[in-house]
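Trainee: The lines below spell out each chain.
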Amino acid sequence: MITLRTFVLYVEDRPGVLDRVASLFRRRNFNIDSLHVQRAPGDGRAGVSRMTIEVRADEQGARRIEANLYKLIDVLMVQDVTLQPLAAANEER
Amino acid sequence: MKRTGAEIVWEVLVGENVDVVFGYPGGAIMPVYDALLKYPQVHHVLVRHEQGAAHMADGYARASGRVGVALATSGPGATNLVTGIATAMLDSSPVVCITGQVSSQLLGSDAFQETDITGVTLPITKHNYLVTRAEEIAETLREAFHIARSGRPGPVLVDITKDAQQATVEYEWPPAPSGRASRRKAPRLESRALEAALELVDAAERPLVLAGHGIVQAEAGSALRAFVERADVPVASTLLGLGGFPATHPLSLGMMGMHGEAWVNTAIQEADLLIALGMRFDDRVTGRLATYAPRARKIHVEIDPSELNKNVKVDVALTGDVRDALEWLEPRVQPRRRRAWAERIAALKGDSAVRDIQSLPDGGKLFAAHVIHDLWRATHGKALVVTDVGQHQMWEAQYYKHDYHRKLVTSGGLGTMGFALPAAIGARLAAPDEEVWVIAGDGGFQMTACELSTCAQENLKVNVAVINNGYLGMVRQWQEFFYDGRYSATPLRSPDFVKLAEAHGLTGLRVERRAEVGPAVERARREPGTVVIDFRVEREDSVYPMVPSGADLGDMIRRPLSAIERDE
Chain B
0 MITLRTFVLY VEDRPGVLDR VASLFRRRNF NIDSLHVQRA PGDGRAGVSR MTIEVRADEQ
60 GARRIEANLY KLIDVLMVQD VTLQPLAAAN EER
Chain C
0 MKRTGAEIVW EVLVGENVDV VFGYPGGAIM PVYDALLKYP QVHHVLVRHE QGAAHMADGY
60 ARASGRVGVA LATSGPGATN LVTGIATAML DSSPVVCITG QVSSQLLGSD AFQETDITGV
120 TLPITKHNYL VTRAEEIAET LREAFHIARS GRPGPVLVDI TKDAQQATVE YEWPPAPSGR
180 ASRRKAPRLE SRALEAALEL VDAAERPLVL AGHGIVQAEA GSALRAFVER ADVPVASTLL
240 GLGGFPATHP LSLGMMGMHG EAWVNTAIQE ADLLIALGMR FDDRVTGRLA TYAPRARKIH
300 VEIDPSELNK NVKVDVALTG DVRDALEWLE PRVQPRRRRA WAERIAALKG DSAVRDIQSL
360 PDGGKLFAAH VIHDLWRATH GKALVVTDVG QHQMWEAQYY KHDYHRKLVT SGGLGTMGFA
420 LPAAIGARLA APDEEVWVIA GDGGFQMTAC ELSTCAQENL KVNVAVINNG YLGMVRQWQE
480 FFYDGRYSAT PLRSPDFVKL AEAHGLTGLR VERRAEVGPA VERARREPGT VVIDFRVERE
540 DSVYPMVPSG ADLGDMIRRP LSAIERDE
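Residue numbers (numbering that gives the first Met the number 0), protein chains in the order written: chain B, 0 to 92; chain C, 0 to 567.
Bound conformation, chain B alone (with noise of 0.2 Å):
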């Protein structure tokens, strides 16, 4: 069944990292429905960004995007945050 999904990425901050993530949803054929770059606040993470991207597939599709992310090597960490209660994803920001 296809639906939205939210993932949150944490990436290296520098550029053409945004091309990279966007690169892969296009050559896999996915649709970003929204997309959310900021610089990960002061948690810790120097030279991190945050981003936010909503999609549309299905739990494979979800799994091989997840799995593709995980491929590009400025991808530090990809969370499938879709069934999280809106306020945990908070508090993981």
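Simulated from the structure, these hints should not be mistaken for laboratory data.
Since the structure is predicted, the reported quantities are computational estimates derived from the model, not experimental observations.
Glycine included, each C-beta is placed from N, C-alpha and C at the ideal position.
It is possible that part of the hints are untrue.
With a straight-line Cα cutoff of 25 Å, these simulated BS3-like cross-link-like pairs (lysine-lysine) come out [what the hints assert, rightly or not]:
#	chain 1	residue 1	chain 2	residue 2
1	B	Lys-70	C	Lys-184
2	C	Lys-348	C	Lys-400
3	C	Lys-364	C	Lys-184
4	C	Lys-400	C	Lys-364
5	C	Lys-1	C	Lys-37
6	B	Lys-70	C	Lys-309
7	B	Lys-70	C	Lys-312
Calculated Cβ distances over 10 Å to all of chain B for the following chain C residues [to be verified]:
#	residue
8	Gly-25
9	Phe-111
10	Gly-118
11	Leu-121
12	Pro-122
13	Lys-125
14	Asp-303
15	Lys-309
16	Asp-350
17	Tyr-403
18	Glu-457
19	Tyr-482
20	Leu-491
21	Arg-512
Knowing the structure of chain B, use the given hints to seat chain C on it.
Mentor: Below, chain C without anything else, positioned relative to chain B:
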């Protein structure tokens, strides 16, 4: 100590034990070429086209297991690498490409020979870098080598601006790459999944191992052999897995897939367990997914977790090193014999033998399969064979029985025509003691035949067998089968390959009858330099069996018996 950025490039290559690089100079890489003169321990091979440099680095990597290095200038030099990089990407080959870039203050200004090569190669590299400061070169290159060879290997491109090459900075050999990428842990096999896999193997009556490129890359051949001999499991190979398990071993079945052996594809469809090792269920391997191996439980061991459950849903998915998995399974698996399964496979093989062109009289004609069989015999099955892409590639996979690791180099995933000759040059330099043979079609050979000139300049001994049928044969075959024989743009006129070889100062031979094959091969083996043999084969022969694209794996077009009788 003080070094220029260009010198640092060579310092790192020397530190990484690189003994040869393949490249072509140009404006934006000139400082690196100038510094090369101070590093005589690195041999530079001047290619004729940068695509050749990338294929050579790839061939070097596949023949040796070490990282191959290609060097090119900015703009067209860099874009010419692209096909070679994509080839290495699809076949997980560890290659580092170093390109010059316009000076950093000119970046983004559409300067002369400026191309955004990191943008261009983003989807076809494992990772890439744009380096604009000399201080970053050493660390970046070290990391590039690490990424290229670790995990699932792949190509990495490092684009270095001209001013970074020219600047002089303090240099120290970086003890180890320190970036986050280098600190990533290798995946560890999960013990619960290993236990589950073991249970499935012990319970299976009709198991099959599907051995892929990962067996070769993880050096897992002997572990595989120990495991299948103990558990009595026959082994089918992907194209890139050939040689990972000895082809003449009684448990070896041969290649699977679109042009795989009929008994292999049938066995896959009848199996009750598939043990997929270091392979990725490519569409050329599975045929129609909905009907693929319908009776089989499936175990999949892969270093790259994104391949698990991608095309084929499996019962046990294991991320990790395939050799580690086999070494865990081997001592624990139940030793047993599966006589009924072995008899069933033997019966399937017997049915195929009657259609095999190998068992048939040639009727005075020269068939590619016969050429390759005779070449296999003459080289005692020990040559390092580099194939191009098309019919000859499939015949080679069927008729040259590879018993050893890293003795078949071929472009599987991308299917790059023009790959063979340059890749063979790379393989030759990686393995100077091997007898290297190129097998190419008349079409693919002409795509990169300019590299004959590289062979001549480098004094390299490579034997080239051109399987010349005057067609772009594989496309012609598809036109015959699926387009009512409308041969659109497939008839091909070629130059005289004997004269072409001679024009390069090399030896050219022509073979038109089967009796001439053996003597020509022997002559080529004796010649000190590169020899090109023009094998004039049957023009309209086809590769059998064939699973049409998207058809069930068991639904094969077989060599028609009537045609065989006609030949007689």
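Trainee: Sort out which numbered hints this structure fails and list those numbers smallest first.
Mentor: Hints 3, 10, 11, 12, 13, 14 and 15 not satisfied by this model.
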